[in-house]
Amino acid sequence: MGDFIYIYVFMLAAFTGYEVISRVPVILHTPLMSGSNFVHGVVLVGAMVALGSADPSDPLQIGIGVVAVFLGAANAAGGFVVTERMLAMFKTGQKKDGKQGASK
Amino acid sequence: MSFELPIQVSYLVVAALFVLGLKAMSSPVTARRGILWAGIGMVIATLVTFATPGMGNYLWMIGALALGAVVAAWLGRIVKMTDMPQMVAVYNGMGGGAAAAIAALEFAKEVAKEKGLFAQVASAAGVEHGLGLAATILALLGSLIGAVAFSGSIVAFLKLQGLMKKAHRLPAQNAVVVVVLLAVLGLGAWIVGGALEGWTLVAFFGLSLLLGVIVTTPIGGADMPVVISLLNAFTGLAVGLEGYVLKNPALIIAGIVVGASGTLLTQLMAKAMNRKIGGIIFTPITGEAQAGAAIQGSMKEASAVDVASMMRFAEKVVIVPGYGMAVAGAQHKVWELTKLLQEAGVTVKFAIHPVAGRMPGHMNVLLAEAGVPYDLIFDLEEINEEFAQTDVALVIGANDVVNPSARTDKSSPIYGMPILNADHARNVICNKRGKGTGYSGIENALFYGENTRMLYGSAQQAISEVIAAVKTMM
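As you go down the protein sequences, you meet chains F and Z in turn. Going by the numbering used here, the first residue of the first sequence is number 576, and it counts up by one from there. Going by the numbering used here, the first residue of the second sequence is number 34, and it counts up by one from there.
Source of the hints: derived by calculation from the structure; they are not laboratory data. Be aware that one or more of the hints could be misleading.
[Unchecked claim] Per label pair, the in silico range of CB-to-CB distance:
#1 Val212(Z) / Asp633(F): 31 to 37 angstroms
#2 Asp633(F) / Gly195(Z): 39 to 45 angstroms
#3 Thr441(Z) / Phe579(F): 50 to 56 angstroms
#4 Leu191(Z) / Phe579(F): 27 to 33 angstroms
#5 Ile95(Z) / Asp633(F): 30 to 36 angstroms
#6 Gly195(Z) / Phe579(F): 58 to 64 angstroms
#7 Phe579(F) / Lys443(Z): 47 to 53 angstroms
Computed from a prediction, not measured in an experiment: that's the story for all the values here. Glycine included, C-beta positions come from ideal geometry on N, C-alpha and C.
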C-alpha cells in the first residue's frame, strides 16, 4: 500500500467532514464555522514538528518556524476562546440555570 | 508515520475528539460539550508533540507558542460579538499562514540540505526528509491554498472592520486572476521539476499571497461571509495537505474534515443568498452598477406610540432583526420589549434569515448574547408560512432579507434570493435610521408597501420609546 493509504485517509476524512456538518441548524452556523476554524488550529502541531527539526544555526529556518508556531498557536487559542464565548450564550427559555461557570 | 506508538495512539484519540466535537457542535444542546472535547483534543495534541523524538529548538517553540496563544486568547476575550466574523477571519488567516509557513520551512530545509549544510542533522531528526515527488506537489498546493487563505482573510478583516471601504476592481479583473494563478502553477511545476531554489520559492509564495489579495479585494461586504467560510475550508485543506508532508495523521484528518465541512457550510450559505460561489469570486455585485428598478410611492411614518399600541394589542408579533440592530446595540432593548409583550399575552417570535448579520447564525449569537432563548428563534423555512397569520412584523435594521423585489423584480441584483415574507404580515413596521438604501445600496420595495409604517430613529432609541409607550398600556 505504502503512501496510497493516505489517499484513503483523505477520502474518508472528507466524507466524515461532510456528514458531520450536514444536519446542523442555521442558528449554529457561526459557532460551527468558528469551531471548525479552531479545529484546523491543529496546524500548530505541524508547526511545532517542523520547527523542532529546523537547523538551530540557520536564522531563516528558525524565523519561519517561529512564525509558523506563533500563527498556529494564535489560530488554536483564539479559535477556542471565541467559539466557547459564543456557545456559552446559547440557552433555552425553559431552564434558566444561568451560565455554567465563567471558567473555560 | 515515524513517531512512537504512544504518540500515534494520542493522535488517534485527538482525531476522534475533533470529529466527535464537531458532531456535538451541530446541536445547540451539546454544542458547548463539543468545543470542550475539541479543546481537550488540542491540548493533548500539543503536549504529546513536545515528546516527539528528535525535536529541538524548544525555547523558540515555547516562546512562540505562548506569545501566539496569549495574544490571540486576549483578543478573543475582548472582541465584541458584532465583530466576531472578522475575528474568525483573522484566526483563520493565521491558520492558513501557519500551513504555508510549514511548507516554506520544509522547503528551506531542502534548499539548505542540497547545499550540503544540514544533511546529517536532518536525517537524524524524526521527520522524514528528501520530500519526494508527491510530498513536494502537495506541499506546494498546500502553500498556495494556505497563502491565499492568509492574505484573503486579512482583506476580509479589513473590509468588515471598515478599514477598506471600496470594492476595488482591477481592469480585466478575471483575466488578471487567471494569469496570476497560471503563473503560480507554472512556477510550482518548475519547482517540482527541479528548480527548488530560494528565489523560485520566494516568487511562488509572493504570487500566492498576491493572488489572495487580488481575488478578495473586489468582493463587497455583503458577500464576505461566504468568502470567509470558503477561506476557512481552504485553510483546512491546506492543513491537511501539509499534514501529508509531515506524515502527521492528526493534521491530515482534522484538516480534511474541516476542508470538507467548510465547503458544505459555504455551499449552504451561498445557497441561502442565492449566489453561486463562482459568481461571488468572479462577478461580484457592484451596487452602483445595478440597483434594480426605481420604486414608485412614498414611505409612511409611524410614531413610537402608534407602534406600541399596534404591538401591545396584537395576538402575534414576529420580529425580524438585522445587522443594523446589532450595530446599534439594540438587542437588549428588543428582548426587553419582547418580555413586556409576552407579559401582555402577545406571542412573539424571532425570524432570522440565513444571512442576517454578517454570517449565517451570527444574528442568533447576538440575540443569545442579549438573553433571547433559542426556542423563540426561527429560521426562514420554519416561519415564512406564519407571516400571513401575523399581526405585526417588526423589521429592525434588516433590509435586503425582507425586500420583496427579490421575488418580483428581475432587474434587481438580489432577484431570486429567498427572503422572509414580512410583507405578508397584516402590518409591517420597519425601523430605520433614516431614508435611503441600506448596506448593499438596493432599494427596498417593502418600505413603500401599503401596510408598512416606518419607525425612524436609531434602533436603540426607537425601541426604548416603544417600550416606554407599551408600559403605559399595561
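To see whether the hints hold, each was checked on the structure:
1. Val212(Z) / Asp633(F): 31 to 37 angstroms: Since valine 212(Z) and aspartate 633(F) have Cβ atoms about 35 angstroms apart, the given range 31 to 37 angstroms holds.
2. Asp633(F) / Gly195(Z): 39 to 45 angstroms: Taking Cβ atoms as reference, aspartate 633(F) and glycine 195(Z) lie about 41 angstroms apart, which means the hint holds.
3. Thr441(Z) / Phe579(F): 50 to 56 angstroms: The hinted range 50 to 56 angstroms holds for threonine 441(Z) and phenylalanine 579(F), with Cβ atoms some 55 angstroms apart.
4. Leu191(Z) / Phe579(F): 27 to 33 angstroms: 43 angstroms, violated
5. Ile95(Z) / Asp633(F): 30 to 36 angstroms: 19 angstroms, violated
6. Gly195(Z) / Phe579(F): 58 to 64 angstroms: Check failed, 49 angstroms falls outside 58 to 64 angstroms.
7. Phe579(F) / Lys443(Z): 47 to 53 angstroms: 51 angstroms, holds
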